Amino acid sequence: MNLRFIEWIWHIKGSLALAPGQTAQDAFDSLDPLFRQRGTTSERSGTTLTFTKKDQDAQDKMSIFDDGILRIEDGATGPVLRYYLASRALLFCFLAPLLFIGFGQLTVALGKLETPAKEEAAKKPEKEEAVQPQNPIDKFLGAPAPEKPKKDPADKAKKDDKKHSPTAAYVFAAIFAALYVIGRVLEDRLIRSVFRKAVRGSEELPELVTA
Amino acid sequence: MDGIRVGNRIIGTQAPVTIGWENIPRVEGGPVKQFVFTHFQPAVLFALIAFWYYAPNSIAKASTAIGIGIAFKVLLLALEWVNPRYRSWQLTWKELVTDLFYVGLGYTILRMVDNYIGDGVIIEAIQNSFDWDKLSWFTGLPLLVQAFAISFMFDFGQYWMHRGMHNWYPLWLPHSVHHYITQLNINKGAVGNPVELFLIGLGIGGFFDFLPRAALLAGALGMAIGTYQHINVRFNTPRWWRFLFNTTEHHSLHHSQDFEATRSNYAGSYIFIDRIFGTCIDGEAELLGMEGGRRMSIREQMTFPFTEGWKTIQEKRAKRRQGTAPYDDEGYEQTDAIPAE
Numbered sequence: 001m002n003l004r005f006i007e008w009i010w011h012i013k014g015s016l017a018l019a020p021g022q023t024a025q026d027a028f029d030s031l032d033p034l035f036r037q038r039g040t041t042s043e044r045s046g047t048t049l050t051f052t053k054k055d056q057d058a059q060d061k062m063s064i065f066d067d068g069i070l071r072i073e074d075g076a077t078g079p080v081l082r083y084y085l086a087s088r089a090l091l092f093c094f095l096a097p098l099l100f101i102g103f104g105q106l107t108v109a110l111g112k113l114e115t116p117a118k119e120e121a122a123k124k125p126e127k128e129e130a131v132q133p134q135n136p137i138d139k140f141l142g143a144p145a146p147e148k149p150k151k152d153p154a155d156k157a158k159k160d161d162k163k164h165s166p167t168a169a170y171v172f173a174a175i176f177a178a179l180y181v182i183g184r185v186l187e188d189r190l191i192r193s194v195f196r197k198a199v200r201g202s203e204e205l206p207e208l209v210t211a
Numbered sequence: 001m002d003g004i005r006v007g008n009r010i011i012g013t014q015a016p017v018t019i020g021w022e023n024i025p026r027v028e029g030g031p032v033k034q035f036v037f038t039h040f041q042p043a044v045l046f047a048l049i050a051f052w053y054y055a056p057n058s059i060a061k062a063s064t065a066i067g068i069g070i071a072f073k074v075l076l077l078a079l080e081w082v083n084p085r086y087r088s089w090q091l092t093w094k095e096l097v098t099d100l101f102y103v104g105l106g107y108t109i110l111r112m113v114d115n116y117i118g119d120g121v122i123i124e125a126i127q128n129s130f131d132w133d134k135l136s137w138f139t140g141l142p143l144l145v146q147a148f149a150i151s152f153m154f155d156f157g158q159y160w161m162h163r164g165m166h167n168w169y170p171l172w173l174p175h176s177v178h179h180y181i182t183q184l185n186i187n188k189g190a191v192g193n194p195v196e197l198f199l200i201g202l203g204i205g206g207f208f209d210f211l212p213r214a215a216l217l218a219g220a221l222g223m224a225i226g227t228y229q230h231i232n233v234r235f236n237t238p239r240w241w242r243f244l245f246n247t248t249e250h251h252s253l254h255h256s257q258d259f260e261a262t263r264s265n266y267a268g269s270y271i272f273i274d275r276i277f278g279t280c281i282d283g284e285a286e287l288l289g290m291e292g293g294r295r296m297s298i299r300e301q302m303t304f305p306f307t308e309g310w311k312t313i314q315e316k317r318a319k320r321r322q323g324t325a326p327y328d329d330e331g332y333e334q335t336d337a338i339p340a341e
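Keeping their order, the protein sequence lines are chains U and V. Residues in the first sequence are numbered from 1 upward in steps of one, following full-length UniProt numbering. Residues in the second sequence are numbered from 1 upward in steps of one, following full-length UniProt numbering.
Hints are supplied without guarantee of correctness; some may be wrong.
Claimed, not checked - Residues on chain U that point at chain V, a partial pick, calculated with CB under 7 Å:
#, residue
1, ASP55
2, ASN135
3, ALA169
4, LEU179
5, LEU186
Unchecked claim - Each computed PhoX-like pair below joins lysine-lysine, with the alpha-carbon atoms no more than 20 Å apart:
#, chain 1, residue 1, chain 2, residue 2
6, U, LYS61, U, LYS197
7, U, LYS148, V, LYS134
8, U, LYS162, U, LYS112
9, U, LYS112, U, LYS163
10, U, LYS13, U, LYS61
11, U, LYS162, V, LYS61
12, V, LYS61, U, LYS148
13, V, LYS61, U, LYS163
14, V, LYS61, V, LYS73
Since the hints were made in silico from the structure, they are not lab data. Quick caveat, the model's predicted, so the values are computed rather than measured. Virtual Cβ for every residue (Gly too), placed ideally from N, Cα, C.
Using the sequences and the hints, build the whole thing.
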């Protein structure tokens, strides 16, 4: 299968114009602190830098990336840094909604399996439940009096249905879908900003170069 | 590191910790910020108690409690941005995704499992066979007494379960994963191996659903006190609060990289339980986690108790084959795994 069409899901790529005359050595030296983090190994070879990260620190600026390649190339207006980074966290977040939809479906399926047992249980006569007493202190302070427990079998059925409700699973599926979109956009921008600040310091923002 | 003597123990020989309330930083900023972050915790606690005490029966329901719980967590997430305790604990996208994954497991698959083999099924069996008239003395007590009794019983059980996890290797294995978190944020309490999350979820909470208002009040106490265990917010917590209740400061010590510091502050809500049993240490820590703060991936969090347990069994077997005792002179297991005791 050709992954070219789906790899954007967990890969982030981009490019950044370097200052005129900035060499690959200079650029990689500026980026070096990013690759001196715990769990990071990197290798430079001429105009190419490859890295891998494992058990990245939570505050590592590249914590979402597990490996990647950075390359310095000659662009039309000067040297350009091109990067291609892989993130298992993005892939995980992309797939998480499927997992939670699966949990939802499993909940529904288990509920259907249990229906005959529930009907059987509903036939059993329920004990008469007395209203709970209210302490005089609570009465004096104005707390609402306890209600007599409802004997409506529909209530018990409703309680059982809640046990087999897939709603929570679907809500989390939606949350992770939203988090994926946010993360895919946010982390793309953040890493561009981190690289830009590293290679250009506080200089004015260079114009983006299309990949 | 020299460490600091606390009773018979030396705390902070392996990683920096701050001991004593007088050494803990205060909220920085103007008078309004100072006021808010000094009175926020008691104000929320008393407001919630008043709400659940007086709410009409039509509102005093579990669904309302769930809604309030979610809204409260969102508010606390906002507070983490406004007034973080440590910049080094700032919530990132990846941390949020990881934390919410575990929160999601708690609301879905773990709840499902609990309905079949957890406390849900045990409680239902007891409720169906118990003579409730025997409890009429309890149900006639004032609501707040009932609520405190329920939450105290729950927390007392949690204290011993938690302490057991730090003292018995088979229980430590699943709990150890939770100690690999390297920062505290509002949803970090949910992070851990599912086996541990199942064990720690065993409790008496559902047992009291025949006393809906007292149970909801007990839940509110847990939420308004216990939620602050894992939070990255600097509060000027009142002296009486930190004497009675667990705080993020206490719990950060419990998560410290210093082994001796982790063996303290086991209670979830009521730190006075730790004070009674001599396991309370007042203080805080910034550097958290195990193995010098190595952050564990979700994949490893899922498998670690099993792989580590298997490794230990293999090592024991190897040592037996070589004729070496599996325990050292002090009676501790000789293993590479981070010891629980």
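Hint check:
About 5 Å separates the beta-carbon of ASP55 (chain U) from the nearest beta-carbon of chain V, less than 7 Å, and the hint is met. Of the supplied interface hints, the one on ASN135 (chain U) holds, with its beta-carbon coming within about 5 Å of a beta-carbon of chain V, less than 7 Å. The criterion of a C-beta within 7 Å of any C-beta in chain V is met by ALA169 (chain U), whose closest approach is roughly 5 Å, and the hint holds. For LEU179 (chain U), the suggested interface contact is upheld, since its CB lies about 6 Å from the closest CB of chain V, less than 7 Å.
Checking LEU186 (chain U) against chain V by beta carbon gives a least distance of about 6 Å; that is within 7 Å, so the hint holds. The suggested pairing of LYS61 (chain U) with LYS197 (chain U) holds, with an alpha-carbon distance near 12 Å, which does not exceed 20 Å. A distance of roughly 19 Å separates the Cα atoms of LYS148 (chain U) and LYS134 (chain V); the hinted pair therefore holds under the 20 Å criterion. A hinted pair counts as satisfied when its Cα atoms are at most 20 Å apart, and LYS162 (chain U) with LYS112 (chain U) qualifies at roughly 13 Å.
Simply put, LYS112 (chain U) and LYS163 (chain U) have alpha-carbon atoms about 12 Å apart, close enough for the 20 Å limit, and the pair holds. Among the hinted pairs, LYS13 (chain U) with LYS61 (chain U) is consistent with the structure: their alpha-carbon atoms are about 16 Å apart, no more than 20 Å. Between LYS162 (chain U) and LYS61 (chain V) the CA atoms are separated by roughly 14 Å; this keeps the pair inside 20 Å, and the hint holds. The hinted pair formed by LYS61 (chain V) and LYS148 (chain U) meets the criterion: a straight-line CA distance of about 15 Å does not exceed 20 Å.
Under the criterion of a C-alpha separation no larger than 20 Å, the hint pairing LYS61 (chain V) with LYS163 (chain U) is consistent with the structure, at around 16 Å. Taken as a hint, the LYS61 (chain V) and LYS73 (chain V) pair is honoured in the structure, with Cα atoms around 19 Å apart against an allowance of 20 Å.
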